[in-house]
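Make the full structure from the sequences, and use the hints.
In order, the protein sequences belong to chains A and B.
When we follow UniProt numbering, the leftmost residue of the first sequence carries the number 1, and every step to the right adds one.
When we follow UniProt numbering, the leftmost residue of the second sequence carries the number 1, and every step to the right adds one.
Don't read these hints as lab results, they were simulated from the structure.
Backbone N, C-alpha and C define an ideal beta-carbon position, used for all residues, glycine too.
Take these hints with a grain of salt, some might be off.
[Stated by the list, open to error] With beta-carbon atoms standing in for the labels, derived distance ranges:
1. A:G19 to B:K68: 49 to 55 Å
2. A:S149 to B:R91: 36 to 42 Å
3. B:N16 to A:S11: 40 to 46 Å
[To be verified] Simulated pairs of lysine-lysine, DSBU-like, Cα-Cα distance not exceeding 35 Å:
4. B:K116 to B:K19
5. A:K192 to B:K19
6. A:K223 to B:K109
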Amino acid sequence: MAPKQRTPKVSRNPNLIRGIGKHSRSKMYHKRGLWAIKAKNGGVFPRHDAKPKAPAPAEKSPKFYPADDVKKPLVNRHKSKLTKLRASITPGTVLIILAGRFKGKRVVFLKQLPSGLLLVTGPFKINGVPLRRVNQAYIIATSTKVDISGVNVEKFDDKYFAKETQKKKKKGEGEFFEADKEEKSGLPQEKKDDQKAVDTPLIKSIEGVPDLRTYLGARFSLKAGMKPHELVF
Amino acid sequence: MPFKRYVEIGRVALVNYGKDYGRLVVIVDVIDQNRALVDAPDMVRCQMNFKRLSLTDIKIDIKRVPKKKTLIEAMNAADVKNKWENSSWGRKLIVQKRRASLNDFDRFKIMLAKIKRGGVIRQELAKLKKQTAS
Numbered sequence: 001m002a003p004k005q006r007t008p009k010v011s012r013n014p015n016l017i018r019g020i021g022k023h024s025r026s027k028m029y030h031k032r033g034l035w036a037i038k039a040k041n042g043g044v045f046p047r048h049d050a051k052p053k054a055p056a057p058a059e060k061s062p063k064f065y066p067a068d069d070v071k072k073p074l075v076n077r078h079k080s081k082l083t084k085l086r087a088s089i090t091p092g093t094v095l096i097i098l099a100g101r102f103k104g105k106r107v108v109f110l111k112q113l114p115s116g117l118l119l120v121t122g123p124f125k126i127n128g129v130p131l132r133r134v135n136q137a138y139i140i141a142t143s144t145k146v147d148i149s150g151v152n153v154e155k156f157d158d159k160y161f162a163k164e165t166q167k168k169k170k171k172g173e174g175e176f177f178e179a180d181k182e183e184k185s186g187l188p189q190e191k192k193d194d195q196k197a198v199d200t201p202l203i204k205s206i207e208g209v210p211d212l213r214t215y216l217g218a219r220f221s222l223k224a225g226m227k228p229h230e231l232v233f
Numbered sequence: 001m002p003f004k005r006y007v008e009i010g011r012v013a014l015v016n017y018g019k020d021y022g023r024l025v026v027i028v029d030v031i032d033q034n035r036a037l038v039d040a041p042d043m044v045r046c047q048m049n050f051k052r053l054s055l056t057d058i059k060i061d062i063k064r065v066p067k068k069k070t071l072i073e074a075m076n077a078a079d080v081k082n083k084w085e086n087s088s089w090g091r092k093l094i095v096q097k098r099r100a101s102l103n104d105f106d107r108f109k110i111m112l113a114k115i116k117r118g119g120v121i122r123q124e125l126a127k128l129k130k131q132t133a134s
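If you want it as structure tokens, here you go:
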């Protein structure tokens, strides 16, 4: 059956207090229209008999029974929520990266990925930071915002950033060093095009603000007399 | 050296400690050796220790414990706000507040402006040096 558009289930019985509804059972019977359903069906509630199921394929007895009883782990259906994004971080915010290869770089925030990490770009031409994921814990959000309306970031998700799995090669002693050199392939052209597609409208809106381009190209550092707990970012 | 700023009714003071830090208040009465009754247009009249007050040069003309309306009229007549904001002390405080509220981007722009200004000054200096040398 094709999925129907369902309106969300609304309760016709408002809560006076949690656990106690306003209307009694008989009132609710009338409200829900159960009398009309019964009347339509000749005084009885409609019965839906079970649909005849296709006969399940005959199950063969397993070939192999393990010698000892192996305990199965309990089912865990826990789904963690997306990391809460700090209120100061909105699309277009300039962030300062605090750790890693690009520490101190000022970078533009694009969106939060389903894994909770933040998608961020330099832009690459301005400060050398490519489209990259960064954890919220390692950034400072400034109050400077860049206009991000011209940028389309729909296609980026965590799978885009997954590492390429390498096929297992049989390595002999002599081939060890040569193999390492061969496996370093450059960035695929597709990623370079993606970078350009994201960066061009961004750079245009950045050029509109005076000094913003040099600002993004410079690194942040603490100078003498700067107290981080008193600084307004 | 004689004292120039006296604790008197109508003396404008700056609160330098506590919840109302940085507020300009008027001394409307003296309670005892240590405390004053103090009032400001946007504040409930309260008592404060003199140690929490820094006296300013500004004085307004009021009677002991005026009503709020009278106080506001007297402050407008003496033009306390403008006098304070044009005094060097008041201007310094305004600059301090502005500096404290600067954005990271603002600080960067100020750095660029300072470098530019230094460059211009150095050019002028070099020109003047050349003139005196020749």
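Exercise. Compare the structure with the hints numbered earlier in the document and write down the numbers of the violated ones, lowest to highest.
Key: Violated hints (numbers, rising): 3, 4 and 5; every other hint is consistent with the structure.
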